[in-house]
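J.: Quick mapping for you: the protein sequence lines, in order, are chains X and S. Take the first sequence: its position 214, counted from the start at 1, is 214 in the working numbering, and no numbers get skipped. Take the second sequence: its position 117, counted from the start at 1, is 1117 in the working numbering, and no numbers get skipped.
Hints were generated in silico from the structure; no laboratory data involved. Some hints could be false.
[Claimed, not checked] The calculated lysine to any residue pairs, modelled on SDA-like cross-linking and capped at a C-alpha distance of 25 Å, are: (1) K1286/S to S228/X; (2) K1286/S to T1266/S; (3) K250/X to D1277/S; (4) K1291/S to L281/X; (5) K250/X to E346/X; (6) K1286/S to K328/X; (7) K1291/S to R290/X; (8) K1286/S to R297/X; (9) K328/X to T318/X; (10) K1146/S to E1136/S; (11) K328/X to R113/X; (12) K35/X to R113/X; (13) K1286/S to W352/X; (14) K1084/S to S1111/S; (15) K1150/S to S1111/S; (16) K1286/S to I347/X; (17) K1052/S to L1075/S; (18) K1286/S to R290/X; (19) K1286/S to N270/X; (20) K1286/S to D249/X; (21) K1150/S to P1163/S.
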Amino acid sequence: MTEVANSPDSAGAPVPSTSRGGQDSDVILDIRNLKVHFPVRRGFIIRRQVGAVKAVDGVNLTIRSGETVGLVGESGSGKTTIGRAILRLNKVTTGEIDFFGEDITTLDGSKLRRVRRHLGTVFQDPYGALNPRLTAGRIIGEPLIVHGLTKNKQDYEEQVGQLLETVGLNRSMASRYPHEFSGGQRQRIGVARAIAAKPNLLVLDEPVSALDVSIQAQIINLLDDLQSEFNMAYLFIAHDLSVVRHISDKVMVMYLGKIVEVGDPDELYNNPLHPYTQALLSAVPLPNPRMERQRERIVLRGDIPSPLTPPAGCVFHTRCPIAVEACKGVRGPFADNEGGVPDLREISAGHWAACIKV
Amino acid sequence: MNPTAHKTDLQFPTDMDLDGTRPLLEVRNLRTSFFGRGEEVRAVDDVSFSLKTGETLGLVGESGCGKSVTALSILRLVPEPQGKILGGEVWLDGVDLLSLPDEGIRAVRGSQIGMIFQEPMTSLNPVLSIGRQLTETLEIHLGMTKHAAKDRAAELLNMVGIPDATSRLLDYPHQLSGGQRQRVMIAIALSCDPKLIIADEATTALDVTIQAQILELLARLTDDLGTALMIITHNLGVVARYADRVNVMYAGKIRESGSADEIYDTPRHPYTVGLLDSVPRLDRPKGSRLKSIEGEIPDLANLPTGCAYRPRCTYAVDRCAAENPPLAKVGDSHASACWEWPRLAEEQGQTVVS
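Extracted from the complex, chain S is given alone in its bound form:
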């Protein structure tokens, strides 16, 4: 590849750079907004993160936090003209995706970055057989002949655990169960041997036993093939098992970033703590009452001054209204965007001991 395309003056303060390996994906200061009714909705507001080859990243947050728009921005699939990428850079293996011409980004989608979305029934074309949907990608991106593409499609279906693959190629999406459809989506996403797979709420619509099957499959395949995986989810449980790193988003910004252990064991942002406490935990004794986060998810067009989490935050101080805290280092590979994290750490430390 081309390792010198960028990276001359830019310093990116993450642990990724420390061990000398270049990240596969680098998102820098990405900003995406939606415009309507005279308002600007800052869906993604100055987001930076990176992902190494073979690594799994979890992007966690509630609806409207900007996690899906981040993924759409990477792929340049933000619906125009309402949505607009206003700034930033997205480097994939030395290429800035945001400055590629349209044909260039089309070649990246599906071939270098595979996508799996939440609702397989709406992502698959209902009037094409699943065989056709698989071979289409192979013919377009890899220039395979019809015959070769068909053989490869059967191989892929087999790989994702659909039995009797050759005859299933003739099936239409409605003939498959939800879990099988998601397996087909994974097969399509993997078909061109991409460097990165983005799974956006890929298991949310599935039953818990099927969700476990699909996650295991996705983790095993990306591990075997050395593909980087970005799991976007609202469910903190889903990423705990698989993610190497976790980014927690709220109101368009990454509020906390760290290794899975750091995020779950020693959270350093009040929102992460709130999220972890507001779900009933099967890994802990049954509690009498849930600690809920008060208030509502903010309206992105009318965010409060300073830190957007301030109105719901139990740690908020005056400074939070005046200055928006930047994502700052709080541990080895751990960053939090909170002024009051030392106080939080102290309190959390006490609860862990007790």
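Only chain X is shown next, with the shape it has when bound in the complex:
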């Protein structure tokens, strides 16, 4: 990749990735063997840990500059937890999250704040994510103040006005409060706040799922435009497979804290390898009656198992339509004694699947 438009400049920037010997210099985020386990405690006076919810269990993920990685999975698959771990909103159990070559899992205080300037986030709920007592201008301007990116009041107001226009709102709206905006407009404010500090990576956690269909397209197009304008990388977390295919350069499918398939969107959607991905894709209702009536639907049995007591062997074998006896004995590279998936294997160029039957 060529010059990065908003690459971390001079002061306060994380170490550029070139410092990592022999590594792809485009990679801005490199997650290795990430585990986020939430302890489960029991007992009234003497509380002891009786187990752990393995929300994220041994995940590897890289994001290049300007790239969009889509993370899909059902509720409880751990996709949101990965996003929160990157933003350091969840404690990481083990593993490394290298952002521009620096492991950010143990940073705190001013060092963490320095890194967070380069990370932006947009949340799902445009109603809950904005402080109702602050004006839109103040919400958008907060990152500028926190990170010291503004010289004086005039410059601050100019930047806020610019940001409002960038996301398709009117400068004069800066003095309004969140309740005066529609859902789509609120999400635009959320986007403006996320890009205020000119981050290199945006974590987008279900940014359009709460919006009406006609408004979703507006926000997706806005995100597309902003990416080409500012060359930001996106981690796009969503359960909607059609939106993820549209926006992503690379798609990762998660199930119970594990990545089960990785590929570029065209390849993965046209030729899904993992039985879970196949079931997921066949379950998506298509707005096309003729295709729908002909289509064979793979209906999975039962619900996603509790991550507190994942099944032994391959975690998907309890719902898998093609499971064999050997699947019960599967242990992933990171699995301790229970609940794993087979190693991700590269089946064709850039297309990886974690299944012994593929």
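Position chain S relative to chain X; hints supplied.
T.: Just chain S now, kept in the frame of chain X:
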């Protein structure tokens, strides 16, 4: 039943009447408004449609289009005093639901019309076991004894695919997963052998694999039992597979009505076209940019003159501001409320060929 209760002078111009079978449900010129702060919000504004026995109807639209209020009006569950059914008729099997006394409509709800709502956790009572919630309906509407009701409840749970039904009757809603709760809701809705089931965003809160399970279950059961089904959703994909007919609503009115094939293959209203184009389509090659509908969903208290879709419509002409287009026939069983549909049809025809 009583086939002569109405239907003397009223002519209802839908294909339903053509084959001579009386529709199970007929909604005529229904109008429901909400009043507050000196404003009238016309949530449902002159809506007419019908549904035959065993048929599945999709009611599609975005938030605020009036699809849920239509369902609530049919059941007379519009919250009063803010909400008021101002006019129209709702005939279910020869009975006008809007003129029934309170006890009469209570007997219809749950026994002749079953309901399934979006959030099963708030529709189920958290302090009653699911067994009790099932038997309550059976005892009240069908006058079953406790014992018989319990047996029937277990049978129903079994029918909706909840394993180990007898012991699960003792469970409370929080002990079930979202998909199982929705299965319980379906069991309750079907418990009195209703003629019609209204599923209002019944699968919206569920994961896609669970959504597929629930939709298949609902479609199979209503098919087996010959129950009519009304699916209310914002997701055009959800109804494509199951609906015989689809009504697209916008700002309180039905803007387009037709068979599923007509609506999806040859849409004749710019809003339907916009909805279909603004979602990324897995059934088509990946496109570079989505065609979004510009602007916002209108404020129902301050609708523009003429056609309410006009400010967002790329086909709008002067006439659209002056006259509100009525729902008019554009095909065999296909109707659209748009003055400019011939121009749209021409353009759509070209894109289909290419």
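J.: Keeping to a limit of 25 Å between CA atoms, is the pair of K328/X and T318/X held or broken?
T.: OK: K328/X and T318/X at ~9 Å, within 25 Å.
J.: Measure nothing beyond the straight line between the CA atoms of K1286/S and I347/X; if it is 25 Å or shorter, mark the hint as holding.
T.: The given pair, whose Cα atoms are some 23 Å apart, holds under the 25 Å limit.
J.: Checking one constraint from the list: CA of K35/X to CA of R113/X, max 25 Å. Satisfied?
T.: Holds - the C-alpha atoms of R113/X and K35/X are around 23 Å apart, at most 25 Å.
J.: For a C-alpha distance cap of 25 Å, please report whether K1291/S and L281/X respect it.
T.: 23 Å, holds
J.: Are the Cα atoms of K1286/S and N270/X separated by 25 Å or less?
T.: 11 Å, holds
J.: Please verify whether K1286/S and W352/X have alpha carbons no more than 25 Å apart.
T.: Distance of about 21 Å is within 25 Å: holds.
J.: Below or equal to 25 Å on CA atoms is what counts here, so check K250/X against D1277/S.
T.: 23 Å, holds
J.: Given the hinted pair K1150/S and S1111/S, is their Cα-Cα distance within 25 Å?
T.: The hint holds at about 17 Å.
J.: Taking 25 Å as the top limit, are the C-alpha atoms of K1146/S and E1136/S close enough?
T.: Answer holds: K1146/S to E1136/S is near 9 Å, not above 25 Å.
J.: For the pair we were handed, K1286/S and R290/X, check the Cα-Cα distance against 25 Å.
T.: 20 Å, holds
J.: When you check the alpha-carbon spacing of K1286/S and T1266/S, does it fall within 25 Å?
T.: 21 Å, holds
J.: Quickly compare the C-alpha distance for K1286/S and S228/X to 25 Å and report which way the hint goes.
T.: 18 Å, holds
The earlier numbered hints that this structure contradicts are 6, 11.
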